[in-house]
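Colleague: Residue numbers (numbering that gives the first Met the number 0), protein chains in the order written: chain A, 0 to 531; chain B, 0 to 338; chain C, 0 to 357.
These aren't lab readings, by the way, just hints derived from the structure by calculation.
Careful: at least some of the hints might be erroneous.
[As the list claims (entries may be wrong)] DEER-style ranges, computed between Cβ atoms: (1) Lys357/C / Leu330/A: 52 to 58 Å; (2) Asp101/C / Arg24/A: 19 to 25 Å; (3) Leu330/A / Glu314/C: 58 to 64 Å; (4) Arg80/A / Gly123/B: 40 to 46 Å; (5) Gly103/C / Ala240/A: 19 to 25 Å; (6) Leu55/A / Ser156/C: 43 to 49 Å; (7) Thr115/C / Gly327/A: 36 to 42 Å; (8) Ala422/A / Lys357/C: 50 to 56 Å; (9) Thr323/C / Leu281/A: 25 to 31 Å.
[Claimed, not checked] Take a look, some chain C residues computed to stay more than 10 Å from chain A by CB distance: (10) Lys33; (11) Thr79; (12) Arg98; (13) Gln117; (14) Thr152; (15) Asp159; (16) Gly213; (17) Lys230; (18) Ala231; (19) Ser240; (20) Gly266; (21) Glu298; (22) Val318; (23) Pro327; (24) Asp345; (25) Leu354.
Each residue gets a CB set at the ideal place from its N, CA and C atoms; glycine is no exception.
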Amino acid sequence: MALPVAFFAVFFAWPVAAIVARGLRTDGRWHLGRIVDVVTQSDIRHVLWFTTWQALASTALTLLIALPGAYVFARFDFPGRQVLRAVVTVPFVLPTVVVGTAFLALVGRGGLLDELWGVRLDTTVWAILLAHVFFNYAVVVRTVGGLWGQLDPRQEEAARMLGASRLRAWRTVTLPALGPAVAAAALMVFLFTFTSFGVVQILGGPTFSTLEVEIYRQTSEIFDLSTAAVLTIVQFVAVGAILAVHAWTVRRRESALRLVDAGGTARRPRGAGQWALLAGVLATVAVLLLLPLAVLVQRSLGGSDFGYYRALTRDDDTFLVPPIEAIGNSLQYALAATAIALVIGALAAAALARRDAGRLVRGFDALLMLPLGVSAVTVGFGFLIALDRPPLDLRSSWILVPLAQALVGAPFVVRTMLPVLRAVDARLREAAAVLGASPWRVWREVDLPLVRRALLVAAGFAFAVSLGEFGATVFIARPDNPTLPVAVARLLGRPGDLNYGQAMALSTILMAVCAVALLVLERLRTDRSGEF
Amino acid sequence: MLLSLEDATVRFGGRAVLDAVGLDVAEHEVVCVLGPSGSGKSTLLRVVAGLQELGAGRVLLDGREQSGVPAHRRGVGLMFQDHQLFPQRDVGGNVAFGLRMHGASKAEQGARVRELLELVGLPGAAGRAVASLSGGEQQRVALARALAPRPRLLMLDEPLGQLDRSLRERLVVELRELFGRLGTTVLAVTHDQGEAFALADRVVVMRDGRIAQSGTPLEVWQRPANEFVARFLGFDNVVEGTVAGAAADTPWGKVPVPEDAPQGTHALLVRPAGVRLVPADEGLRCTVAARTFKGTHVAVHLQPPKAPRLEAACALREAPEVGDTVGVEFDAAEIVVLN
Amino acid sequence: MHTKTFVAAAVGLGLITLSACGSSSGAQASGDSKTVTLVSHDSWAVSKSVLADFERQSGYKVRVLKSGDAGQAVNKALLTKDNPQGDVFFGVDNTLLSRALDNGLFQPYEAKGADTVQPQFRVDPAKHRVTPIDYGDICVNYDKAYFSKHKLTPPRSFDDLVKPAYKNLLVTENASTSSPGLGFLLGTAAQYGDDGWQGYWKKLKANGVKVVDGWEQAYNQEFSGSAGGKKAKADRPLVVSYASSPPAEVVFADPRPKTAPTGTSYGTCFRQIEYAGLLDNARNAKGGKAFIDFLLGKEFQQDMPLNMFVYPVVEGAKVPKEFTEYGPAAKDPQTMAPTKIAADRDQWVKSWTSLVLK
């Protein structure tokens, strides 16, 4: 417990507090009046309002589109199910720079909607909402579908034997059981869309601005740190509230439900209605999720004989960085970040899973998720002023990048491992202790073998997330070891056919690496893997 | 004494689960704690094992105070109610676990695993998966696992609780024999009196965290210490009466009592065997309300007018039919005046 | 067994990373006088051989810290100015120069070779806190194919852009988040004056100008002349970019085209000058000075164009043939004094935002 707490204190709480203090404190005095000033500005109020309603709308739309998907992936058995489950998760871990570009191919000019009906949604709020569905589809499918697959179908059958119609049985038995999972998924989607950055910037155009975008602008472009500090606090409070509700629903979700092995509950669809549902979901996935990804691949193949891919390997004296090196950098960073996230996350999860965990410890559960809701630019700039003295002068050390990525990865590790750890029978540990195993050996001999798969799943997820993480790597000054997302952004930042093509090729590679990592996870998925 | 508990007290949220319990177990003794669920008997084992901290009192093993000694250093064995075999290890891995923890060599482990599996009647099962075992086999493996590191005290929590009756009866005999042969010191808990009486040198009856009675099975059976113990042992013919001389005044009329019975108002236990059926015009007049077949005899439930029901044990062919009217007389030798 | 090795590896990796960070930070903290650290923006680039020449001749090792885009890099340098991350900062341009100077980011140093800088680029003659290194022009680029196909002359000036012939053709960037976007706004302000630029933008808006958030989107998604734009079926043949973008379209193409697919409207240019300076509190000031001298040296100046797509500021530095052929610098660009920019930019951007975006 001490290590995770120290980690989050030093690498998260302190930097964020430092940058906020820099904005609100001058000459040794706090200017808390700034909070009122900023919040009452009409354009800031506009930003707050837009941030909230687009997040609500995105969440509703995501649930609407993804819940049938959750059902289909949970209950139907069809060829390619595993692969598809992995693929729908790819957008979630891809950097928005990359996907924004591809997503325009769906809703933008000459995109599918344009070709078919002459509808263009880019720079409208619809583009933002649909992109949010694209990114968060997997959150709902995994969180809700995961539980759905484990609900004992016999409960519904029991209700039907007692005279309930099919719909009524679903409504009275399945829906209440799913309720907390749906709520947890909705809150996660709300959190991700509330703090949406890249999607809003790229697809929304300059007229739309969320809190996160505004914090970025105020910090990074306008250098108005006091406004940025106020907005950071506002976002912090909002995110804290979301997380508190989330923690509550999660706890309720873990309440006694009869769960069975997910493998046994899926079956082939029967009847026209079920086939139609399956077809509908597959079509949605194809259009909304696969098409944008396919566009990326297609654009990377332009030129002759994989010319863009071959260009990646060229070590040109005039080139910024041989892009192929970025792959190596990315893998190294991601491995380091995964290791850190695993150590921190596993320790935290172990502490949280203890039955005698007090209120304080359980509060830490929610705190762990906070980095997901705090702007990367805030953390990045915070690092600069907080970690600037020995022995923690890490400002320009490469370790800062994996550290920042681990902040994002650790919550996923905790969320994946916690349910499994909580499911380990405490008496199994006692049995080992009575047989002479010390606490450390108990962990190694009992817990570890049981949570090994969950640990691997968590590792894979942390790996994929840090591979795609863009914010931290951009906002932290570092020696020049660009990661894949950074290299893509840089290539996109220069004119010329080769640069653009290589950006697409690198994105495709990034996507492939993520997809492979997720596919491996799909094979390892435990019966009781957590939320993601 | 191998094990001594002195004033052992554990409270969960203000409720005393163990209330100043004192208990001694001598070397090679098999002690069985008997009590209904919630009486604190499992907590007793956990306290001895070091899995549960004491609120007050002491636990001594071989005369040494155990507070601060963690579970894995106490050198006692515990067999859990539902076995808690490690699902990811095979039978051999489970049995060898304790040996590994104590740093035994591979060869030692192998030999001991073979020896123990033979002892519990599962020779050659070392390579089997835990999931493939039947309930009885799991129980044997759990026992072998607990015995493997040669604990100075073996504790069993409802050792046969989940098994079916015939298996349970067979295993009780096997266990009794095994413990006798090995000279193991055993502290077992159970809610099943048959199991306790068959297994134990000494039975300790618990109620609400306190010890209600302690003695050999025979003592406890013959002279339950109080109404609770009597009822827990399955005796339902308990009634309040006023003893005067060699008879007691009860709702069932005058009932003879043993000669040395204490005088005054007491609970009286009438064993079913002490309820004799006589023709309807003699003794207490009762109607037969129900009969249950018990294998060796028939339990006849009798309803006297305006008094609690009575249970009588009858030979099969002498048992009256439901609805018959019979008379009842009592046998002083089968009557116990409880304190 | 696999579990054990996996965990051992994970824990080991964690320890290695932590110890590695410990040692590397130790080396930096000691302020080792053989290393000179450059802090710059993400666009910094130099040929390896050129940098190696400097390291060999001066005996210093160069560490480069890239710190985000130009605005972020300056802001981060300001945040850390009491305990700077490096010795030299490169990449503050004329739109941000006053912010840097007013906050005391730099210490005075007159570079060797400062007298070779073309006079129009020289600033801060009294204190020499910054040294001009390169310049570029933010101009409207046009898609040659579009204009020849539609038999239309490409626009030449700001005035042309509001003509009906060019309706719905121009895409530009958000002046509050994008450096070319801001440059273009400043160009119009320089051309039409404090009172006139708003009127010009009203007309531009009426003529269908499209505003996106960043250069990447404008150029790669909206501009029909770029490689990305062609794939995205972009439909805006005019984009606010740089005079150096057409040569880049030639250099970064395989095979190279005979002529650039895009051209520059030279009457719409705003000049951007980039400066370098010795950071206040630099640990290795001596090395920093040597590095600034190197930045003004002929070798680096002639290496810059193809690496960063900018033009050299020293007299007589040769420019590659791609530049002279497809993208020479503007002859008569709009300019503005850094003090004027500092005084007015926030207000202008604010008015521009409510005028154009709302």
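Colleague: Val318/C: least C-beta distance to chain A exceeds 10 Å?
Modeller: Holds, since 15 Å exceeds 10 Å.
Colleague: Tell me if the beta carbons of Leu330/A and Glu314/C are separated by a distance inside 58 to 64 Å.
Modeller: 47 Å, violated
Colleague: Taking the closest pair, is the beta carbon of Asp345/C still more than 10 Å from chain A?
Modeller: Not fine: 7 Å to the nearest Cβ puts Asp345/C too close to chain A.
Colleague: Mind verifying the non-interface call on Lys33/C? Its CB should be farther than 10 Å from each CB in chain A.
Modeller: 16 Å, holds
Colleague: Range first: 40 to 46 Å. Now tell me if the beta carbons of Arg80/A and Gly123/B are that far apart.
Modeller: Check passed, 42 Å falls within 40 to 46 Å.
Colleague: Non-interface claim for Glu298/C: all C-beta distances to chain A beyond 10 Å?
Modeller: 14 Å, holds
Colleague: The output says Pro327/C does not contact chain A. Does that hold with a beta carbon cutoff of 10 Å?
Modeller: Holds: least Cβ distance 16 Å, greater than 10 Å.
Colleague: Please verify that the nearest CB of chain A lies beyond 10 Å from Asp159/C's CB.
Modeller: Asp159/C clear of chain A: closest Cβ-Cβ about 22 Å, beyond 10 Å.
Colleague: Please check whether the beta-carbon of Thr152/C is more than 10 Å away from every beta-carbon in chain A.
Modeller: Holds, because the least Cβ-Cβ distance between Thr152/C and chain A comes to about 23 Å, which exceeds 10 Å.
Colleague: Has the hinted range 36 to 42 Å been met by the Cβ atoms of Thr115/C and Gly327/A?
Modeller: 41 Å, holds
Colleague: Hey, is Lys230/C genuinely clear of chain A, shortest beta carbon separation above 10 Å?
Modeller: 5 Å, violated
Colleague: Gln117/C: least C-beta distance to chain A exceeds 10 Å?
Modeller: 24 Å, holds
In the structure shown, a violation is registered for the earlier hints numbered 1, 3, 5, 9, 11, 12, 16, 17, 18, 19 and 24, in ascending order.
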